[in-house]
Amino acid sequence: MAVAEPGQRLGWTASGDQWNRWLRRHEWARGYLLMSPTILVMLAMLVAPIVALVVMSFWTQHVLEIDRTPTLANYWHLIEPAGPDDETAYWLGIPFPFKRAVYIVLLLKSILMSFTATVAVILLAYPMAYFLAFRVKQHKMIWLMAITLPFWTSYLLRVFAWKLMLGFGGVINSGLMKLGLIDQPLEFLLYNPIAVVITLAHAWVAFAILPIYVSLEKIDRSLLEAASDLGDRAITRFFRVTLPLSAPGVIASSLLVFIPTVGDYVTPTLVGGPTGIMIGNSIQSLFGKMNEIPLGSALSLVMMLSVTLIVCLFLWAVGYRKMQRSIA
Amino acid sequence: MVRLRIDPATAYAIFFVLFLYVPVLLIPLFSFNDSTVATFPMKGFTLNGYRGMAADASLINALKNSLMVGIGVSIVSTALGLLAAMGATRYAMPGKSPVMGTIMLPLVVPSLILAIALLVILRQVFDIPLTLWTVAAGHVLVCVPFSMLVLMSRLEGFDKGLEEASNDLGENAWMTFWRVTFPIALPGIIASLLMCFTISFDEFVMAFFLSGTDQTLPVFLYSQLRFPQRLPPTLALGSSILAVSVVIVLVSEWLRRFGVQSNKPGAF
Chain A
1 MAVAEPGQRL GWTASGDQWN RWLRRHEWAR GYLLMSPTIL VMLAMLVAPI
51 VALVVMSFWT QHVLEIDRTP TLANYWHLIE PAGPDDETAY WLGIPFPFKR
101 AVYIVLLLKS ILMSFTATVA VILLAYPMAY FLAFRVKQHK MIWLMAITLP
151 FWTSYLLRVF AWKLMLGFGG VINSGLMKLG LIDQPLEFLL YNPIAVVITL
201 AHAWVAFAIL PIYVSLEKID RSLLEAASDL GDRAITRFFR VTLPLSAPGV
251 IASSLLVFIP TVGDYVTPTL VGGPTGIMIG NSIQSLFGKM NEIPLGSALS
301 LVMMLSVTLI VCLFLWAVGY RKMQRSIA
Chain B
1 MVRLRIDPAT AYAIFFVLFL YVPVLLIPLF SFNDSTVATF PMKGFTLNGY
51 RGMAADASLI NALKNSLMVG IGVSIVSTAL GLLAAMGATR YAMPGKSPVM
101 GTIMLPLVVP SLILAIALLV ILRQVFDIPL TLWTVAAGHV LVCVPFSMLV
151 LMSRLEGFDK GLEEASNDLG ENAWMTFWRV TFPIALPGII ASLLMCFTIS
201 FDEFVMAFFL SGTDQTLPVF LYSQLRFPQR LPPTLALGSS ILAVSVVIVL
251 VSEWLRRFGV QSNKPGAF
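Residue numbers (this note's numbering), protein chains in the order written: chain A, 1 to 328; chain B, 1 to 268.
Extracted from the complex, chain B is given alone in its bound form (with noise of 0.2 angstroms):
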């Protein structure tokens, strides 16, 4: 007798992927919804959205801001990780874990309280204007420990005879350095260059608080969920947004995945 069984455990699975996915698609859903209201039943197809979505100087502002700060974020984070990465991986240290702990705060920290802090020094102590400096410095912080979590996962069982060979070889550190060393954390690199910029770009409660008039993409799209008849053009940048992040971080886990897989350093 043939009985088709579904697993209980399959069957919360195909919940839970629809738990957790349903939701976040409506977005695209509705942004092809020929209608200024998110509702069912669904009125029929238009790209008007994408259309005004384009058409809005101050959404393609905005966006060359992110992506500014997104680029110079990412440099910058994964330098800071890089360094601290390797630092952390090759020398015994004592007080590591305190000093590691202390990187590691804005994890925990709610994103609020850092940028308030963040404001308060800014404008309280050193009365330093709110520009696009002051949200990629609260970026920053956000974005080390996870490069310096992803580096430090790359980095972790790295032979450190290659480096000891390049030094014998009569190579300087800073030769080593970028003979040796980058091409293997190389993967490792771009994953984390990678996943700053999305979390940069994402980055709604920092960027709120210490942006001046400049804008980035998530406080301009903020600012528009307040009006209800700008919804198709917002919803048309959610979705653009939406998609910018998955296949950046498809394109980050590959890598990593594909770097975990190349161990041997021969296959650079």
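Here chain A stands alone, though its shape is the one from the complex (with noise of 0.2 angstroms):
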């Protein structure tokens, strides 16, 4: 190999040689320009169309002509409340006094499945957290892999077995009546909004369990020692140590389950049925069929900004960055 010669240098032009000094200098520099595929990769194909999402939701469309003169007309359509014509809208008992409440109560729906299905997902995986952190001994290593490995496989597949598992012919009603324990199969487990939390639950747990683990795993042992030397329970232990020092991993598993799928599309679309829709819904029709891709901008800027509001909200409440700092 070549041993670098000073004289290579002069081949180069005073500004090459400057631009190399200066890098040299600037660690920063030289840190960005390394990154710097990925990040117009990511400006060109992340950041530019949620810009392009942003300005479309200001035009409005005219059946077949986009109107780009900004205005707020789509959020309008979106909370217009109804006039003395229209029939109110309710929804779980609830008036939803607007003209179009479809949105509106369909948004609010979306966040109430998903939140359910978080909780579930959440009372799932901490028993199972806990018992890889505090009970398994050996091949720890083959545990988590074997509760990891299904997130790695066909979300559309996952959500497709759960078809097969509650449809009126599907495996839970025909191994049922083969017990003999229904004559009828039981219509109320697929299409509806419960078939979705169970099945948006059992996609996600397994993603959801790393966090509780890491922050079980990370507890200092001695702790509980000293727990249980001063003369606590183990169950009055679980509630003054372990948990409250697991919280920042079981926020974590929350947000991680709780966002994406507020616009899951594929779970409603399958195993949903006409109840069991949610907003991914309204915005794939939207932006499809109904050819209404301004309003279907909107809509998706409605929903993203709603779920970083709640989540903002319940950062703040629970005083994620309080424990943070505890903690550390």
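The set of hints was computed from the structure by calculation and includes no laboratory data.
Each hint should be verified, as a subset may be incorrect.
Below, in silico cross-link-like pairs of lysine to aspartate or glutamate (EDC-like), each with a Cα-Cα straight-line distance of 16 angstroms or less [stated by the list, open to error]:
{"#": "1", "chain 1": "B", "residue 1": "K64", "chain 2": "B", "residue 2": "E253"}
{"#": "2", "chain 1": "B", "residue 1": "K96", "chain 2": "A", "residue 2": "E27"}
{"#": "3", "chain 1": "A", "residue 1": "K163", "chain 2": "A", "residue 2": "E187"}
{"#": "4", "chain 1": "B", "residue 1": "K160", "chain 2": "A", "residue 2": "E217"}
{"#": "5", "chain 1": "A", "residue 1": "K140", "chain 2": "A", "residue 2": "E217"}
{"#": "6", "chain 1": "A", "residue 1": "K137", "chain 2": "A", "residue 2": "E217"}
{"#": "7", "chain 1": "A", "residue 1": "K99", "chain 2": "A", "residue 2": "E87"}
{"#": "8", "chain 1": "A", "residue 1": "K137", "chain 2": "B", "residue 2": "D34"}
{"#": "9", "chain 1": "A", "residue 1": "K163", "chain 2": "A", "residue 2": "D183"}
{"#": "10", "chain 1": "A", "residue 1": "K140", "chain 2": "B", "residue 2": "E253"}
All values reported here derive from a predicted model rather than from experimental measurement.
Dock chain one against chain two, each of which comes alone in its own frame, and use the hints as you go.
Below is the structure:
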């Protein structure tokens, strides 16, 4: 290999030399230079499309033509109050006095379904993470892999599996009938919000275990011994020491599940039926067969902003920053 | 006195693993069932579903598309992930956390939103036709954050002295990369390639919105789910996709662990 000689430098232009010297002196510039291809791709494919979505949401659609004068019409369309002649929509017995209440109701319903799935995920994942952190002494890696493996298989297939499970002639119904426990297939299993919640919980639980497991694993075992020595029973010790110390993991898991599931499209489409549809279905049809792209953009943004707002409120309510500081 | 005690946590773990695996395992189970409906009792063993699958020309075409997209996406995403991971682990930069946050954004934004945002800019702004290229672009967006996470965990704790030594001994930056950085990052690179391939191979929402007439395998599978009479080959296809993902993930995980254990550069 050629050894760098001072003479080689002479071939370079003066500005190139200066540029090199400047790069060598500024560490951050070298870092950004190295990251620049990734940053450019992300700007082009993530930031620009989202900016386009924001811009589009201020345009209006007139049948086949798009009017590019910026207006708030789409946002107004989503929240316009009902006139005296409009019928008031009800959801869970609550009146929604909006002209097109369907969007707001669907958004709230998606948030509620996603929230229920998140709670179910945490309740299912926590004992398993606890088992992994405190009971498994050998082959921890094999356990962890066995738990996370389903997460890496096709999401579409995992959702489809629940269709096989819950369907009218599905596994649960035909199994129960074979066992003689029921005479008629149970119709309430598939195509409703509960089926969506079960499927979402199953699809995300493997992912949610990891942050909880990590936070449990980090707990200093001498703290647990101290609690026992000072007279705490196992259950009090759990609520006074283990649970508070694993709270950051629980919070991270909740967000990991809640944020992406509000806008889920595959699950409600496959197992939701007419009553189990979510906001994602509405967004899809606005972009698809309804061809209302500006309104669809506005609805997508309203959904994302609502989720962001809920997450911020949640983090503020649990005092996440304070918690992080006290643990670190 | 000997008492049989079942630890509640262990009992729960068994329940949990069953809950996790039983629904998914129904797909391969019923793929061998000699019936067009997935119900108990099962009718008998058959490979007809797999025969029907292999004879379907549009399925083979979709498989070819998925393989092409998957291989392309895994190479491009890993290259981008490696550059970003090298930059992020090695240099102190002002504004690093917002930049990293943006790169990680596809992990939390629903893929539906990412897909329609890309669709809007492709169709409305640039009027680019939807092809496998647009699907691949969408998949790169989803894969880069995963690739970057895998490679950052590999490159963290990387001994900077090795690169400095290489420079001092007269290698230029390019050769230093190939002779020092690349071999050390190699297990992470292979893990990232495999992981990105599985993500792309299984990804549905992006492909559904961004594909034109050429379908990928999950989009094809989705179109088949609507026809009950085609259930046997669809189940066979689903089982095959599951098997491919499981094998690739196991290999990639094994490589990653193997890589972590042999952290000494001399091992390669």
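Which earlier hints can't be squared with this structure?
Violated hints (numbers, rising): 1, 4, 8, 9; every other hint is consistent with the structure.
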